[in-house]
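S.K.: Residues per chain, in single letters:
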Amino acid sequence: MIQFMLNGQSVQTDADVNTPLLWVVRDQFKLKGSKFGCGAGLCGACTMHVNGAALKTCVTPIAAVANKSITTIEGLGTPEDLHPLQAAWHEHAVPQCGYCQSGQIMAAAALLDANPSPTADEIDAAMAGNICRCGCYPRIKRAIRSVSENALAYDAMTQTEGGS
Amino acid sequence: MNSVNVSRRRFLQSSAVAGGGMVVGFMLNSCSGSPAPLPFTKTEGGWTPNAFLQVLPDNTVRFYTARAEMGQGVTTGLSTLIGEELDVNPLDMDIRLAGVHEEYVNPAFGMQGTGGSSSIRAHYMQLRQVGANTRALILEAASRDLGVPASSLITHNGFVLNGESRHPYADFIATAQTLSIETDAPLKPASEFKYIGQDTLRVDAIAKATGTAQFGIDVDVPGMHYAVVVRPPVSRAKAQSVNFASAMSMPGVTEIFEISTGVSVVAESFWQAKQAAAKIDVQWESMPLEAVSTETLRRDYAAALDAGDGVEGPSEGDISAAMQSASITHQADYWAPLLSHSPMEPMNAVVRIEGDEADVWTGIQFPTAVPGLVSSVANIPAENVRFHQTYLGGGFGRRGTLSHVVEAAQIAKATGKTIQLVWTREDDVRNGPFRPASLMRIKAGVDDAGNLTAWDASRAGGNISPDTFRGLLPALFPRIGEGVVEGVANLSEWYFEKFVADESSIEGLFEDYDQPNTRVTHMTVDHELPLTFWRSVGHSYTAFAKESMIDELAQAAGMDEVSFRLQNTQHSPRLHNVIQVAGERMANMSVPAGHHLGFAAHHSFRTDVAEIAEVSVAKGKIRVHKVTCVLDCGQAVNPDIVRSQMEGGVIYGLTAALYGGLNLEDGAIKESNFHDYPMLRMNESPDIEVVVIDSGTKPTGVGEPGLPPIAPAVANAVYKATGQRLRSLPLQLA
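Residue numbers (the working numbering), protein chains in the order written: chain A, 1 to 164; chain B, 1 to 734.
Just chain A, same shape as in the assembly (with noise of 0.2 Å):
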């Protein structure tokens, strides 16, 4: 029997120790925001917060987040009470099809919660993790740069770029 943390609850799973992470989530609680795209660890759809770190789920072994605070999208925030990347996402109509998206938003949480002002070249590295088939990766940094601390330079920088 597994114990962790899942969004603020205390858990518990008899699955076997090898089933990943993503799956227990998904399969026993019922919390289908965090999406399988690759099962690899390649895409990124999969991504979660493990003590705060963002981790790719579809490889990860429950057994090696014994104990550990799991958080998902679902976590993060609802519709009616939206995270700030959340509302940005919606404010600059990033999704496209958004099966991603779940992933793309906890991989840019756990960037802002780490560094809440990345340069741009930290946002694309931090990001880097995440596969958009749709091509969403302009409006998701734009929406990323929104919610940073450094907006304002970023609003000042698209200006004198004119555009993008």
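Treat the hints as calculated values from the structure; they're not laboratory data.
Predicted, not measured: the structure shown is a model, and the values here were computed from it.
Hints may be right or wrong, so weigh each one.
As the list claims (entries may be wrong) - No more than 35 Å apart at the CA atoms, straight line, and that leaves these computed lysine-lysine pairs for DSBU-like:
id, chain 1, residue 1, chain 2, residue 2
1, B, Lys-698, B, Lys-619
2, B, Lys-274, B, Lys-670
3, A, Lys-68, B, Lys-274
4, B, Lys-670, B, Lys-413
5, A, Lys-30, B, Lys-194
6, B, Lys-194, B, Lys-42
7, B, Lys-413, B, Lys-238
8, B, Lys-279, A, Lys-30
9, A, Lys-68, B, Lys-279
10, B, Lys-670, B, Lys-279
11, B, Lys-194, B, Lys-698
12, B, Lys-626, B, Lys-698
13, A, Lys-30, B, Lys-720
14, B, Lys-238, B, Lys-670
15, B, Lys-413, A, Lys-30
16, B, Lys-279, B, Lys-417
17, B, Lys-417, B, Lys-42
18, B, Lys-626, B, Lys-720
19, B, Lys-413, B, Lys-42
20, B, Lys-42, A, Lys-30
Add chain B to chain A, keeping to what the hints say.
M.R.: Frame of chain A; chain B shown alone:
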């Protein structure tokens, strides 16, 4: 050579539907006289004026969207159309994804399908009319209930305003449902549009940003079991022997058995099924395809082009005389490889069969086919099959095919269990159906004034349409036997091989420029790989050949690439204007040392797009820094979604241009997941600026047209940067 002459202009008209991908338009209505009931629950006390709307007692306006939402923003676009005339803000509507019903056919196809960048243009007048008629009934009901003339009432976002008093639409639904409309209500003039033409936010963004949007893979039915299929490495091979003893004893595994496409493993969880699938040892039958590699494809296509014996497509003028009199002639071959669509959500479906009824949950582009397919597998009446549409985690054409629904139905039927079938990413990359590989040969002539006078273009490869047709046939005719389906499908392949060029295979290769002498030839070379439509279909490769050749010709004629294109697009005014606007922008761009600008333009899905790629090359690596995209899609119903579709088309196309290529080895696809079939990532993604020109026409396509110009724009920039003319995709420097 079999010759079928069709004028270019007539071809353009007839290919409008084929551009969307269908060989034939057909209706899948029940043959009984009475219409089927609408596939949703009517709310107690609510009003259902038509198949698209319900007005509920609490004044909720529920909109059933008939087209599949795969990211292209169609739920926002269609709710904007109906909301404009109904006078309800699309963001205030309760949006539902429609089931299967004849009322939900795509007017462009005559069937319930989403594709071909057709949805907004196809529903532009229809849904506005539905909205206007519904509003007219509400106003008439309000007039009677309030005892005032309808002409004294106005509406505002779901309310009827009578002087100072404000009444929700719902107040009048009891009276409204006793009324009917005799003639269509007048539509708003464009000058009065409140929502059309505005950057309304997406209706699905909050659900998608909070993990609450339901995709097919998120469907969870009590008692559901999960299935994974072990698939042959070489397409369509059958199992000769299967050793599953060790897999059967693994935790959670309940059944292992053969289905039409491989060996299915059923377990209590997807993870258990996937683990067990890895333990199954299958001996597959030997297939002729095993003799085929990527090199074989390319060699066979080149041999077909050299032999010159194909089916003649749309042709006009005298190509031989024109070539002889040209002052410059130039010929080159262009290669485009097999590609996977790789939507982020792997294919999946939930099927439950109980007695003579079935439920199917999945997100797909062609719901029309579901009842027929499941009916033929489960041997139950098609009208007893309920389809539950979900959001699509990417479509790109991949979700226009339905083999995953057939597999899930076969497994559900055999086990008596409710089954969720999930493809792994490896299944997706290796098994297709694929974007076909193509070898294209263009020979062109230019006179000494820079006029393009002759265009002799041919394409060798497999045909896109017949395979998709084969998959849909059992849905059209659920009562006919498998042999008949094969027979009809083979007949269509034979037809395309011998008589008529499959329009989807050659679209975009010859239509855009003014040359008076054109010959188009198609050589069908089919290695029996499963093929289907891939975002922008034939244009995804023909634009690369055509726009690279145009650049080469401009250079040979001593003209700059924009002037040459302008001079030779006099007969295509909208494309001409887009080139002009983009050309002026390019002339005013200043780029850092070492950066180079490449240009390309293309007409597809009735929309004209020009793109400028700013590129640098360092240490053999191509880097795209910025893309400027200029387009004319007529009335932009939501300009911000138009911009997002151009951004998406450019990035999807850049993945293909820089990385995309599946390789065959002994008939099997070598690549398997995102490590060896890479996707463009954020750190490689260019800045993208989109300029939307509105020529005032009705809307034309936006989901696909942003893609075709990007590969040639980058290739043309790479030529300027390096002197290397790259004629094979993906672009790789020597």
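S.K.: Are the hints correct? Go through all of them and say.
M.R.: Here is how each hint holds up against the structure:
For the proposed pair Lys-698(B) and Lys-619(B), the alpha carbon gap of about 47 Å is over 35 Å, so the pair is violated. In summary, the hint linking Lys-274(B) to Lys-670(B) is supported, as the alpha carbons are separated by about 20 Å, within the 35 Å threshold. Annotation: proposed proximity of Lys-68(A) to Lys-274(B) holds, straight-line Cα distance about 27 Å (limit 35 Å). Between Lys-670(B) and Lys-413(B), the direct Cα distance comes to roughly 33 Å. Compliance with the 35 Å bound is thereby established for this hinted pair.
With a C-alpha separation of about 41 Å, the suggested pair Lys-30(A) and Lys-194(B) falls outside the 35 Å cut-off, and the hint is violated. Distance hint between Lys-194(B) and Lys-42(B) is fulfilled; the C-alpha atoms sit about 29 Å from each other, no more than 35 Å. For the hint linking Lys-413(B) to Lys-238(B), the alpha-carbon distance of about 20 Å falls within 35 Å, and the restraint holds. Between the alpha carbons of Lys-279(B) and Lys-30(A) the distance comes to roughly 28 Å, so the proposed pair stays at or under 35 Å and holds.
A threshold of 35 Å between alpha carbons decides the hint, and for Lys-68(A) with Lys-279(B) the separation of about 32 Å falls inside it, so the pair holds. With a CA separation close to 21 Å, the supplied pair Lys-670(B) and Lys-279(B) stays within the 35 Å bound. The straight-line distance between the Cα atoms of Lys-194(B) and Lys-698(B) is roughly 17 Å, inside the 35 Å bound, and the hint therefore holds. Under the criterion of a C-alpha separation no larger than 35 Å, the hint pairing Lys-626(B) with Lys-698(B) is consistent with the structure, at around 30 Å.
Our distance criterion of 35 Å between C-alpha atoms is broken by Lys-30(A) and Lys-720(B), whose separation comes to about 54 Å. Using a Cα cut-off of 35 Å, the hinted pair Lys-238(B) and Lys-670(B) holds, with the two alpha carbons roughly 20 Å apart. Distance restraint check for Lys-413(B) and Lys-30(A): the Cα-Cα separation of roughly 26 Å lies within the 35 Å cut-off, and the hinted pair is therefore satisfied. A threshold of 35 Å between alpha carbons decides the hint, and for Lys-279(B) with Lys-417(B) the separation of about 23 Å falls inside it, so the pair holds.
Between Lys-417(B) and Lys-42(B) the CA atoms are separated by roughly 30 Å; this keeps the pair inside 35 Å, and the hint holds. With a CA separation close to 16 Å, the supplied pair Lys-626(B) and Lys-720(B) stays within the 35 Å bound. Our distance criterion of 35 Å between C-alpha atoms is met by Lys-413(B) and Lys-42(B), whose separation comes to about 31 Å. A hinted pair counts as satisfied when its Cα atoms are at most 35 Å apart, and Lys-42(B) with Lys-30(A) qualifies at roughly 29 Å.
The structure fails to meet hints 1, 5, 13 from the earlier list, while all remaining hints are met.
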